[in-house]
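Numbered by our numbering, the letters in the sequence shown go through residues 8 to 160 in order.
Heads up, some of the hints might be wrong.
[To be verified] Computed beta-carbon distance windows for the label pairs: (1) R106 x K127: 29 to 35 Å; (2) K131 x L154: 19 to 25 Å; (3) D66 x E46: 14 to 20 Å; (4) F130 x T96: 22 to 28 Å; (5) H101 x D66: 33 to 39 Å; (6) L38 x V116: 18 to 24 Å; (7) M100 x K120: 22 to 28 Å; (8) N95 x D132: 33 to 39 Å; (9) K81 x K43: 28 to 34 Å.
[Stated by the list, open to error] Computed cross-link-like contacts, DSSO-like style, restricted to lysine-lysine with a CA-CA straight-line distance of at most 27 Å: (10) K127 x K157; (11) K67 x K157; (12) K117 x K127; (13) K104 x K67; (14) K131 x K104; (15) K80 x K67.
Calculated from the structure, these hints are not laboratory results. For every residue, glycine included, the Cβ atom is placed at its ideal position computed from N, Cα and C.
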Amino acid sequence: ETHAWMRTSGGAFLGALLRIARFKDSSKMPLMIDRKEPEFQELNKKAQTLKRVLSTIPDKIQDKAPSCRPSSKKDIAGAIKELLDTVNTIFRMHQNKNRRAMEQKKEFVKCSKNFSDTLKVYFKDGKVVNVFTSANRLTHQTSMILLAFKTPA
């Protein structure tokens, strides 16, 4: 059960955390992968895109515009798929045996499924704090994927 403070101030705090992602200068992000190969640069872009899409959730929920819901879900699902496709390309192209990256990918997939489930429940129960919490976890897992590829195996 969600505590009353989480429904009010906690929800606002978690929403603010998501919004912050859209204002970060991606060129100065410490988690960006330094490798110059196009596939690693593409992973940086896909991660930033997903974080940016997730950062719009609080505003879209606040607007409560029903027409935004399906497109938002499609945008998020598309960004998740593109990031995973890029990760799979890196594994394939580099025959990457980076155990940490493989484990992080599994965690990301679990987290994205959890986010999807949480979003479905939100459309029934309207509890935004759960969506914000799940979206923040997904943002964190996105960063962890970058970190796993940034550091040596």
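Quick rundown of the hints versus the structure:
1. The hint said 29 to 35 Å for the Cβ distance between R106 and K127, and at roughly 32 Å that hint holds.
2. For the pair K131 and L154, the supplied restraint of 19 to 25 Å is violated, since their beta-carbon distance comes to about 35 Å.
3. Distance hint check: the CB atoms of D66 and E46 are about 32 Å apart, inconsistent with the given range 14 to 20 Å.
4. For the pair F130 and T96, the beta carbons lie near 33 Å from each other, so the given range of 22 to 28 Å is not met.
5. Taking 33 to 39 Å as the suggested C-beta distance range, the pair H101 and D66 conforms, at roughly 38 Å.
6. For the pair L38 and V116, the supplied restraint of 18 to 24 Å holds, since their beta-carbon distance comes to about 19 Å.
7. A hinted range of 22 to 28 Å holds for the C-beta pair M100 and K120, which are about 26 Å apart.
8. Between N95 and D132, the C-beta spacing of about 34 Å keeps the proposed range 33 to 39 Å intact.
9. Between K81 and K43 the C-beta distance comes to about 32 Å, which sits within the given range of 28 to 34 Å.
10. Between K127 and K157, the direct Cα distance comes to roughly 33 Å. Violation of the 27 Å bound is thereby established for this hinted pair.
11. As the CA atoms of K67 and K157 are separated by approximately 32 Å, the hinted pair breaks the 27 Å bound.
12. At roughly 16 Å between alpha-carbon atoms, K117 and K127 fall within 27 Å of each other, so this suggested pair holds.
13. Restraint check for K104 and K67: the C-alpha separation of about 39 Å exceeds 27 Å, so the hint is violated.
14. Between K131 and K104 the CA atoms are separated by roughly 42 Å; this puts the pair beyond 27 Å, and the hint is violated.
15. At roughly 11 Å between alpha-carbon atoms, K80 and K67 fall within 27 Å of each other, so this suggested pair holds.
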